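> Just need the whole structure built from these sequences, with the hints factored in.
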Amino acid sequence: MRKTIFAILLGFSGAGFAGGGMLQNECSTCHNITGPAAQTLKEAFEKKGPDLFYAGNKYRQEWLVSWLQKPQRIRPAGMYYGNHIKAGAKGDEVDVSTLNEHVALSKADATSVAAELMRLKPHDDLTAKEKIGAGAISKQMGEMAFNKFLGCMACHLIEPEYGGLSGPEVYTAAKRLQPEYMASYIRSPQAWDPKSWMPNKHLSDINIQKMVNYLKVLSEETENAK
Amino acid sequence: MRNRLLLPVLLATCCIQVQAKETPADNYKAYCVQCHGGDGKGGGVNIRDIAVVPRDHTDVKSMSGRSDETLFKAIKEGGASIDKSILMPPWDATLSDEEIKDMVQYLRVLCKCNFGS
Numbered sequence: 001m002r003k004t005i006f007a008i009l010l011g012f013s014g015a016g017f018a019g020g021g022m023l024q025n026e027c028s029t030c031h032n033i034t035g036p037a038a039q040t041l042k043e044a045f046e047k048k049g050p051d052l053f054y055a056g057n058k059y060r061q062e063w064l065v066s067w068l069q070k071p072q073r074i075r076p077a078g079m080y081y082g083n084h085i086k087a088g089a090k091g092d093e094v095d096v097s098t099l100n101e102h103v104a105l106s107k108a109d110a111t112s113v114a115a116e117l118m119r120l121k122p123h124d125d126l127t128a129k130e131k132i133g134a135g136a137i138s139k140q141m142g143e144m145a146f147n148k149f150l151g152c153m154a155c156h157l158i159e160p161e162y163g164g165l166s167g168p169e170v171y172t173a174a175k176r177l178q179p180e181y182m183a184s185y186i187r188s189p190q191a192w193d194p195k196s197w198m199p200n201k202h203l204s205d206i207n208i209q210k211m212v213n214y215l216k217v218l219s220e221e222t223e224n225a226k
Numbered sequence: 001m002r003n004r005l006l007l008p009v010l011l012a013t014c015c016i017q018v019q020a021k022e023t024p025a026d027n028y029k030a031y032c033v034q035c036h037g038g039d040g041k042g043g044g045v046n047i048r049d050i051a052v053v054p055r056d057h058t059d060v061k062s063m064s065g066r067s068d069e070t071l072f073k074a075i076k077e078g079g080a081s082i083d084k085s086i087l088m089p090p091w092d093a094t095l096s097d098e099e100i101k102d103m104v105q106y107l108r109v110l111c112k113c114n115f116g117s
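So the sequence lines, in the order shown, correspond to chains A and B.
Residue numbers for the first sequence, in the working numbering: 1 to 226.
Residue numbers for the second sequence, in the working numbering: 1 to 117.
The hints are simulated quantities; they were obtained by calculation from the structure and are not laboratory data.
Everything numeric in this text was worked out from a predicted model, so none of it was measured.
Check the hints yourself; a few may be wrong.
Lysine-lysine pairs mimicking PhoX-like chemistry, simulated, CA-CA at most 25 Å apart [as the list claims (entries may be wrong)]:
#: 1; chain 1: A; residue 1: K48; chain 2: B; residue 2: K29
#: 2; chain 1: B; residue 1: K21; chain 2: A; residue 2: K201
#: 3; chain 1: A; residue 1: K175; chain 2: A; residue 2: K121
#: 4; chain 1: B; residue 1: K29; chain 2: A; residue 2: K86
#: 5; chain 1: A; residue 1: K42; chain 2: B; residue 2: K76
#: 6; chain 1: B; residue 1: K21; chain 2: A; residue 2: K90
#: 7; chain 1: A; residue 1: K201; chain 2: B; residue 2: K29
Here are the simulated distance ranges between beta carbons [as the list claims (entries may be wrong)]:
#: 8; chain 1: B; residue 1: F115; chain 2: A; residue 2: R119; range: 31 to 41 Å
#: 9; chain 1: B; residue 1: Q105; chain 2: A; residue 2: K86; range: 38 to 48 Å
#: 10; chain 1: B; residue 1: F115; chain 2: A; residue 2: G35; range: 38 to 48 Å
#: 11; chain 1: B; residue 1: A20; chain 2: A; residue 2: S28; range: 21 to 31 Å
#: 12; chain 1: A; residue 1: E223; chain 2: B; residue 2: A20; range: 21 to 31 Å
#: 13; chain 1: B; residue 1: K112; chain 2: A; residue 2: A87; range: 16 to 26 Å
The beta carbon of each residue, even a glycine, is placed where N, CA and C say it ideally should be.
Written as structure tokens, this is what we have:
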């Protein structure tokens, strides 16, 4: 009985949108949609896109729907960053000519693929451990911690033209990501991706909260400044 | 019964993978190049807005002033552990002690130097 309903639902979405199978057939050529995460550097260097197998633990659904229709660069140096740098006068520079545009989807496809992605939740165990308080932090105090005390800015842009380039920009992070995911990734990047280029900086619970709240303020300000 | 047979097999696959040792060259390419640069001279892609310039790992003068133990500590516990910048991160959650030891020897190859030489 259950099986019949499931088959009907699948058939229905397949007929209504191109969604049925798109994730498996197209997106999986660059994205890992089944897990596990890369266990060796060889695999990690060869990744053609971020892992999506825990998408339901990571993204905000409404962001997925809009980004998939109008994708914009998130990682200034692509993946793996070392494949997209060239030697410049003052050191390594991003070679933008080696970065590609992301495929854009129709609204219907974006909506159905996003819904499918949100069902991928193998890491409820990790996100359930994070409780995000409503603590307020000013942008200035947050930036001071992110930059000077914790050294996060070395790898992350906090403005379109300010910060490091090997990690994803963070001035849009809170718009893209669930707060529990941000907290959990900051607590232990290796719990999500054993070969992550991000080090575990051993933040205290208080600092993890501070950073998540700072990223929230930062994304809101970036949005308002537009 | 079936489970009992399966468990050791699963354990074996999990732990062999976790412990597989990477080469120091690959670890350097993955984790250090982002700040210390493709040539190890401290000009990584991240340095534009960084407050403290990452160490030039090919510089004999500064690298020979460090014992292997100090380099090990700096890599494992981060710059702050040897009173240097917090911008140099701790890699204890990323690299095993053995991989860090290999990395120290790799740095000796990059600088073509030893402690005190």
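> Against each hint, give a clear statement of whether it holds in the structure.
Tested hints:
no.	hint	result
1	A:K48 with B:K29	17 Å, holds
2	B:K21 with A:K201	22 Å, holds
3	A:K175 with A:K121	19 Å, holds
4	B:K29 with A:K86	14 Å, holds
5	A:K42 with B:K76	22 Å, holds
6	B:K21 with A:K90	33 Å, violated
7	A:K201 with B:K29	20 Å, holds
8	B:F115 with A:R119: 31 to 41 Å	55 Å, violated
9	B:Q105 with A:K86: 38 to 48 Å	29 Å, violated
10	B:F115 with A:G35: 38 to 48 Å	44 Å, holds
11	B:A20 with A:S28: 21 to 31 Å	25 Å, holds
12	A:E223 with B:A20: 21 to 31 Å	43 Å, violated
13	B:K112 with A:A87: 16 to 26 Å	21 Å, holds
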